[in-house]
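Enquirer: Residues per chain, in single letters:
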Amino acid sequence: MPVSSSPRTLFDKIWADHVVDRLEDGTCILYIDRHLVHEVTSPQAFEGLRMAGRRLRRPDATVAVVDHNVPTSDRSQPIEEPESRLQIETLEKNVAEFGVPYFPLRSASQGIVHVVGPEQGISLPGMTIVCGDSHTSTHGALGALAFGIGTSEVEHVMATQTLLQKPAKNMRVSVEGKVGPGVTAKDIMLAIIGKIGTAGGTGHVIEFAGSAIRDLDMAGRMTLCNMSIEGGAKAGLIAPDETTFAYVKGRPFAPKGEAFEQACAYWRTLASDEGAHFDTEVTLKAEDIVPSVTWGNSPQDVLPIDGVVPSPSDFKDPAQAAQVQRALDYMGLTAGQKIAGTPVDVVFIGSCTNSRLEDLRAAAEVVRGRHVAKNVRAMIVPGSGLVKVAAEAEGLDKIFLDAGFEWREAGCSMCLGMNPDRLTPGQRCASTSNRNFEGRQGPGGRTHLCSPSMAAAAAVTGTLCDVRELMKETV
Amino acid sequence: MEKFTELTAIAAPMPNENIDTDQIIPARFLKTIQRTGLGKNAFAAQRYDDNGNENPDFVLNKEPYRHAEILITYDNLGCGSSREHAPWALLDFGIRCVIAPSFADIFFNNCFKNGILPIRLPREICDELMGDARQGANSRLTVDLEKQIIIRPDGNVVPFEVDPFRRHMLLEGLDDIGQTLAHDAEISSFEHQASRAWVPSISMGTAK
Ligand code: SF4
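Protein chains in written order, with the numbering used here: chain F, 5 to 479; chain W, 6 to 213.
A couple of the hints might just be wrong.
As the list claims (entries may be wrong) - DMTMM-like cross-link-like pairs, simulated, lysine to aspartate or glutamate; straight-line CA separation at most 25 Å:
1. 170(F) <-> 177(W)
2. 36(W) <-> 96(F)
3. 378(F) <-> 473(F)
4. 476(F) <-> 292(F)
5. 36(W) <-> 101(F)
6. 8(W) <-> 96(F)
7. 260(F) <-> 177(W)
8. 97(F) <-> 78(F)
9. 152(W) <-> 29(F)
10. 8(W) <-> 151(W)
Said to hold, decoys possible - Just a few of them, taken from the derived set where beta-carbon distance is under 8 Å, the chain W residues facing chain F:
11. 15
12. 38
13. 185
14. 188
15. 191
16. 192
17. 195
Simulated from the structure, these hints should not be mistaken for lab results. Quick caveat, the model's predicted, so the values are computed rather than measured. Backbone N, C-alpha and C define an ideal beta-carbon position, used for all residues, glycine too.
Chain F extracted, bound-state conformation (with noise of 0.2 Å):
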């Protein structure tokens, strides 16, 4: 084939060994290895299935859980919201149906369907995974092309195995140097979404790439593709390495002995070429990156801890100011405050961004010995049972729980407050999940994005602060 031989990217190599098929106008059959589903996108999709009298092609490739909608207090009571009830029982039809895979709602490997994927080695390097969910861009961490569905492509994948799509455009963000104490990769996104935009990515696949990004665990470059769909961008990636290795090696659904080696020889070949064409290029310096919070209504609205609140009158298009001024009273917030101080009402830390065994440690580092404040409801949502399960093992519970910490279930929770978990109006909360929109974790609720340790300050505190200042105190 004549495209081998220049230079190709990371993505354009998995794409072209997932290309079953190119259309008269350029759109190419995509073979997908992997269909993750879950309560709230597949109902719809299962029944258009069945409609038309269509199989599910490939039972041995999809698997299912339930998260949105799941409570995440005492499980052994029935779900009480019927129609929570009835989306989680309309999958376990489904599933028993058409044989799907199923993490079941009492499992302890149940959990946030982007937790469970790579902790259970389903989603691996070099693959295409989907499922009908933005944040499906998280799998990307481990070198796979992974991207959010809508419903109708969900059964689309359901009865072909395959989507009907067009190349992305290559985008590739450095981030070179050392990060500073206190700054993690939540910081190191939120600055990326700051300055490329919500719609930088439109289009384009993101490659992360550089020193700072290679430092990362896994954990952190989760939380790093996880917020490519924040930035825009269709998904995100990173190069697997040796560190990604060692993360799927015995995952249960991994590859096994030989065929471990295989894949990894594989794998190895997929980092993009040297002199590869990228289309867009961003690099960030690490030590410029510091701990952050987002002030508005768009990820995009990051504030460095020690920052201000943008006024209106910094806007010369009048949409944007008018945007700005919509933002400032629904956040209840005065243009020119520090941010630093704002008192909240609620802490969240869970959600597939910041809910795995590294956030929770990095959230209990910072809470050891100090005690929730006064008015705070803080809660910790581990992302699976087995994060939990892992969390326990080490005593993280208990630094929580005597810490006035809610110590839950599994569940994506107040990521989206579809089950009970919910911000009531006016309620402020620093959450280390992913979007900050408009009523996102309840009608009239107030987010601030932010790090796992910078939430477990602002719940120690009460009000937004500066992480690092209590790194200080523990020192």
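Add chain W with the ligand to chain F, keeping to what the hints say.
Expert: Below, chain W with the ligand without anything else, positioned relative to chain F:
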């Protein structure tokens, strides 16, 4: 899927950037297991007050925009989640065409799959169309997909681009699954390539 050929209808102005899918349909309405019935909750947070009464200032609560079938916005329409409930809600409300300078990818794609035509036009042109849409009873645009033009209320014509494959599917009201299944043999031979031997099959017996 309903065909899209030509549409003459009221266009509603929503001069905002980054109208996200949580605004188009808030998460609490995603509990349905059907595609229909979401129209009454489209833009719920802005459309209704806390008691469920209509907010008279919201554009889609005003005449003639209650009957809008075209929506005009600014950049990055449909950013956020992949929920197809967003186009379902728009469609159920009656929207068949959305016009903006840029769209979030998944939303853009989801529109086509539901017979909604998303049109990307430069910001200056969106500004002009926004002006047209603000003219109340005079805000009627004609969108002709066959000819790939929009006819403005003053009779001026704005051409637009659309992917030929997607245009064809919309004009004919086709479902792509049927089309792809015609390639079943190629899909099967792809699946059985030796180079794919490392890809494990999943069954709950494999691991736990
Ligand atoms: S945790 Fe939040 S962002 Fe992640 S899958 Fe669940 S709802 Fe979506």
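Enquirer: Should the hint that residue 38(W) touches chain F count as held when the rule is a Cβ pair under 8 Å?
Expert: Holds, about 4 Å.
Enquirer: Between the alpha carbons of residue 260(F) and residue 177(W), is the straight-line distance 25 Å or under?
Expert: 48 Å, violated
Enquirer: Are the Cα atoms of residue 170(F) and residue 177(W) separated by 25 Å or less?
Expert: With a Cα-Cα distance of about 21 Å, the restraint between residue 170(F) and residue 177(W) holds, given a limit of 25 Å.
Enquirer: Taking 8 Å as the limit, does the beta-carbon of residue 192(W) come near enough to a beta-carbon in chain F?
Expert: Because about 6 Å separates residue 192(W) from the closest Cβ in chain F, which is inside the 8 Å limit, the hint holds.
Enquirer: At a threshold of 8 Å, is the proposed contact between residue 188(W) and chain F supported by beta-carbon distances?
Expert: Residue 188(W) check passes; min Cβ-Cβ to chain F is 5 Å, inside 8 Å.
Enquirer: Run the distance test for residue 8(W) versus residue 151(W): straight-line Cα separation, threshold 25 Å.
Expert: 12 Å, holds
Enquirer: Classify the hint on residue 195(W) as holds or violated, based on whether any CB of chain F lies nearer than 8 Å to its CB.
Expert: 5 Å, holds
Enquirer: Holds or violated: the hint that residue 15(W) contacts chain F, with Cβ atoms closer than 8 Å.
Expert: At about 22 Å, which exceeds the 8 Å cut-off, the nearest Cβ of chain F leaves the hint on residue 15(W) violated.
Enquirer: Need the status of pair residue 36(W), residue 101(F): alpha-carbon distance at most 25 Å?
Expert: 21 Å, holds
Enquirer: Given the proposed pairing of residue 36(W) with residue 96(F), does the C-alpha separation stay at or below 25 Å?
Expert: 15 Å, holds
Enquirer: Please verify whether residue 97(F) and residue 78(F) have alpha carbons no more than 25 Å apart.
Expert: Holds, at about 23 Å.
Enquirer: So if I understand the rule, the pair passes when the alpha-carbon distance is 25 Å or less; does residue 152(W) with residue 29(F) pass?
Expert: With a Cα-Cα distance of about 19 Å, the restraint between residue 152(W) and residue 29(F) holds, given a limit of 25 Å.
This entry does not satisfy hints 6, 7 and 11, going by the numbered hints stated previously.
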